[in-house]
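Read top to bottom, the protein sequences are chains D and A.
Heads up: the first sequence begins at 0 in numbering that gives the first Met the number 0, then just goes up one per residue.
Heads up: the second sequence begins at 0 in numbering that gives the first Met the number 0, then just goes up one per residue.
Read the hints as simulated data drawn from the structure, not as lab findings.
Be a bit skeptical, because a hint or two may be false.
Stated by the list, open to error - Derived EDC-like pairs (lysine to aspartate or glutamate); straight-line CA-CA distance at most 16 Å:
| # | chain 1 | residue 1 | chain 2 | residue 2 |
| --- | --- | --- | --- | --- |
| 1 | D | K178 | D | E201 |
| 2 | D | K108 | D | E143 |
| 3 | D | K114 | D | D93 |
| 4 | A | K213 | A | E149 |
| 5 | D | K70 | A | E158 |
| 6 | D | K70 | A | E149 |
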Amino acid sequence: MKKYIFVLCFILSVFILTGCKEEKTSEEKPLIFTGFYALYDFASEIAGDNAQIINMVPAGTEPHDWEPGVKDMAGLNSADMVFYNGMGMESWIDKVSGSLEGTDARFVKVSEGVKINDDSDPHIWLDPENVKIMCGNILSALCEADPTHREEYTDNYNSYMAELDELDNAFLSELEPYKGSSIVVSHSAYGYLCNAYGLVQESLDGASADSEPSPERMSELVDIIKNSNIKYIFCEELASQKAANTLAEETGAQLLYLNAFEGLTEEEISRGDNYITIMYSNLENIKKALI
Amino acid sequence: MEIFTLAFMQRAIVVAIFISIITPLIGNIIVLKRLSAIGDALSHSCLAGVAVGLCFSLSPILTAIIFSMLSAIVIEYIRRAFPNYSELATAIVLSFGVGVAAVFSGFVKNSANFSSFLFGSIVAISNAELYAVIILSVIVTITMLVLYRELLYISFDEEGAELSGVKVKTVNLVFTMLTAVVVSIASRTVGSLVISSLMIIPVACAMLISKSYKQNIVLSVIFALLFTVSGLILTAFKDLKPGGTIVLIGIGVFLVTAALSRKQR
């Protein structure tokens, strides 16, 4: 017995002694955490270098199924603000905010004020008009937390609004000829995008990226694809493509990527991709599918 | 060491200590009843409960607890129907839970909402959950102390217990309900992985070296405390996921203990 207890104590002490490094951020800048990559991108555009922004969910992870570690929690503990989308995008947000009661962290729901068409679909940012509202919320939160940089924040906001308008106009004018057409997607994340530009979304499953489609839905889609002569099926890099592949084999359609901008891979980030570039490439792919 | 002054970390450690005391207490009986997978089975019933609750707009937490209790009763029933194959009971209920969850989640409009009701993490615990765990722990500990002899007798020899006047059905029912409530509340608090493995791995470690039943209980609690507390300390310095780390430490300690105890024999 004694021998075992000794061994246990030894193991425990090894754990305690491994690595005792501490990190401390000394800047006066507001420390902001974002729920997933899209919000990180919007917040960075508006804050510029005046705030320290950290994305909670690492690159290439589906934001629905992520869990915080001790370091993430410790970071949140010293945060000034946490930007989150809500509507079920961050399944961890209620628990995490509950456990951070009593700290300074202010939880800002960035989707506040966006017109909700369908409360089962959280992907509101795929309509640039909604991004403008979200950025408005980010701007007012930033100005409140750090009034000294109000002017810079407002300037950044205004120039980003101009870019978003340009993006919106490109979508409007280039998709104008295809109003009423259908796109087939594996993950029903594009309701807001389709709604904004007069397209119809036909999806394999619900708004979550990993549920199993029913054979009934599969055969409906086969009919839709054949009858409307659809040549491309959209799928996502971060989610499984099995069902989309089956559908493609069945109908002879090809697969094409559409990015819901929930997260980016390391590769995309190092390539300098952001919301605007991803949305332009989405536009190209949608056009390719509709021609 | 500054990290241990943060409120969320202190709550995590307090909850880890309480959970490490009560789950092996229940686990010792569970293992003797040959129902090691009951934690998994019941947490999947909670999943089914959440799906059904969201479908019919009932409180998902309440339906999860109800499903967990009903499943525990069904497990107990099947176990008695197949005395020599009691592991069938957990396997059947586990499949049922996964099946119900898969079918009903198809009717849940916002499936992202679904995962937020199941989300449990030892590092994200609110004050309300902390109190719930403490109250639950007190109830479990008192019940286990009061029913200690009866439970022990039943686990080793159910028929003998019945013959000598132990109210087997009542005691089993109380224990089953207790297990169901612990699994459903704790899996939402610390995560179902942690709760189902803490019922079993510490007990398995203790069985390798203990010389009596009482010693087994004490040792399993010590092992559980070792896993959870060292897991939290480790994840505080190395950026690892707390739930998985705690379980892997448990498995590692089990392997080392097994190797050492074999050498000695």
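- If any of the earlier hints don't hold here, list their numbers in rising order. Result: hints 3, 5, 6 break, sorted rising.
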